[in-house]
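From first to last, the protein sequence lines are chains A and B.
Residue numbers 19 to 222, in our numbering, belong to the letters of the first sequence in order.
Residue numbers 57 to 307, in our numbering, belong to the letters of the second sequence in order.
None of these hints come from the bench; they were simulated from the model.
These numbers were taken from a predicted model, which means no experiment stands behind them.
Be aware that a few hints might be false.
As the list claims (entries may be wrong) - Derived BS3-like pairs: lysine-lysine, alpha-carbon spacing no greater than 30 Å straight-line:
1. K116/A x K172/A
2. K216/B x K291/B
3. K132/A x K172/A
4. K99/A x K232/B
5. K35/A x K116/A
6. K236/B x K132/A
7. K35/A x K215/A
8. K216/B x K266/B
9. K215/A x K172/A
10. K236/B x K251/B
11. K232/B x K255/B
12. K251/B x K99/A
13. K116/B x K135/A
14. K291/B x K232/B
15. K266/B x K99/A
What the hints assert, rightly or not - Counterexamples of contact, computed for chain A against chain B with all Cβ distances above 10 Å:
16. K35
17. Q83
18. L84
19. E86
20. N90
21. L91
22. L94
23. E97
24. K99
25. K132
26. L189
27. M213
28. L217
29. Q221
Using N, Cα and C, we set each Cβ at its ideal position, and we do this for glycine too.
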Amino acid sequence: MSILEYNGAAMIAMAGKNCVGIAADRRLGMQAQTVSCNFQKVFSVSDKIYVGLAGLASDVQTLHQLLEYRLNLYELNEERKMSPQVFSTLLSNVLYSKRFGPYFIEPIVAGLDKDNKPFLSGSDLIGATVSTDDFVVSGTCTGNLFGMCETLYKPDLEPDQLFETLAQALLSSVDRDALSGWGGVVHIITPTGVMTKELKGRQD
Amino acid sequence: MARRYDSSTTTFSPEGRLHQVEYAIEAINNAGTCVGILANDGIVMASERRITSGLLAPAKTSEKTYKLCDHAACNVAGLTADANILIDQARIYAARNHYVYQDPIPVEQLVEHVCNYKQAYTQYGGLRPFGVAFLFAGYDTQHGFQLYQSDPSGNYSGWKATVIGSNNQAGKSLLKTEYKEEAPSVQEALMLAVKVLNKTMDGTAASVEKMELFRMTLDEDGNCQHHILTANEAKQVIDSVTAEASSSGDS
């Protein structure tokens, strides 16, 4: 059993035309047993930065609180909002600081920078980060997620189209994975605001 | 005679005084005035801006008012360099408390922590005390809006209205007569604060460049709002105080 597969997760972040979307499933399990069907794995760290934390649930919650702590201090000292690139670097640093006893999380970051240009990045559990301009995935069914994204993704999708693409990619991927699913949530971040929708898929 | 007992912070004089602490308090009495007033729907803090040179470039939003966390802010009177250390301490302590408990830190706990840190410099190490006095303004659900004053000794006390910095006695005496038992509204408190600053800055005419006005209120969702008044908003308050003064024939 891998510790990163103990609780189960599936998440995608995708870039559109002047917008980004991030979607995740809702399941919290303890191996085969499902414990919750509305577990939060995607968190807003500011109006324009969302982070998805896939992996061990305890670390999901702790890391979210830790990142919020670091971001709040940054904003107090620097008197400005953190950009998504800086946040991604912060996340990478926090993860590497536990290089020999890591947080069991493989996060993805989605946001709009100060010019409202989409930003996406994903990293492994010890902070190795990659930044892309199309999509990033993480969780217990990354094979499925990569396949669905590669097939359905088109550049420069409008927010509504991006929502459809993300929703379909996520729902189809989790159906072939026992550890993820039980619904989903999608956030579409645009310069004017964030649209959040709940997905109802196969409840198994 | 006090000479022998005032070089070391950690030594009492025969009269039972800590001279270094008192000298630190003196240093603050030369600093720009800060006045804090508790209103019934918020807190107002006003401070004197001492512009030493027109060539100075402002690095931060304010050199008097600092946000400590979502629900607390402070005004500084004294050595800014000393204040920066304490403000960093307070910010980290409040943020860490929020990380551990996922709940906002009670205002008094935050104030007491900063004060305990200051007190250590009056008892250990042979280091000089911090030459800073603070006005802390905060809100928590247990005690509502609160205003605290602290000094280099590490003492703190809660106030309905108070003044620190130069001419604070004049300011305090004005507050004693003008602060009503039923607390003022934020707008009335802003005007009272300007009146107090007018008195402590006696001689110099009130103007937007010389005063910084800050208010802390709750929005409809119950979240704390920190607001340093813009030049226009401050001008309106100052103008209404001047109008009231001239119409009632005050000198």
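Going through the hints against the structure:
no.: 1; hint: K116/A x K172/A; result: violated (37 Å)
no.: 2; hint: K216/B x K291/B; result: holds (25 Å)
no.: 3; hint: K132/A x K172/A; result: holds (24 Å)
no.: 4; hint: K99/A x K232/B; result: violated (42 Å)
no.: 5; hint: K35/A x K116/A; result: violated (36 Å)
no.: 6; hint: K236/B x K132/A; result: violated (47 Å)
no.: 7; hint: K35/A x K215/A; result: holds (19 Å)
no.: 8; hint: K216/B x K266/B; result: holds (24 Å)
no.: 9; hint: K215/A x K172/A; result: holds (21 Å)
no.: 10; hint: K236/B x K251/B; result: holds (14 Å)
no.: 11; hint: K232/B x K255/B; result: holds (13 Å)
no.: 12; hint: K251/B x K99/A; result: violated (36 Å)
no.: 13; hint: K116/B x K135/A; result: holds (27 Å)
no.: 14; hint: K291/B x K232/B; result: holds (25 Å)
no.: 15; hint: K266/B x K99/A; result: holds (29 Å)
no.: 16; hint: K35; result: holds (32 Å)
no.: 17; hint: Q83; result: violated (6 Å)
no.: 18; hint: L84; result: violated (7 Å)
no.: 19; hint: E86; result: violated (8 Å)
no.: 20; hint: N90; result: violated (5 Å)
no.: 21; hint: L91; result: violated (5 Å)
no.: 22; hint: L94; result: violated (5 Å)
no.: 23; hint: E97; result: violated (6 Å)
no.: 24; hint: K99; result: holds (14 Å)
no.: 25; hint: K132; result: holds (18 Å)
no.: 26; hint: L189; result: holds (32 Å)
no.: 27; hint: M213; result: holds (20 Å)
no.: 28; hint: L217; result: holds (28 Å)
no.: 29; hint: Q221; result: holds (30 Å)
Hints 1, 4, 5, 6, 12, 17, 18, 19, 20, 21, 22 and 23 from the earlier list are contradicted by this structure; the remaining hints agree with it.
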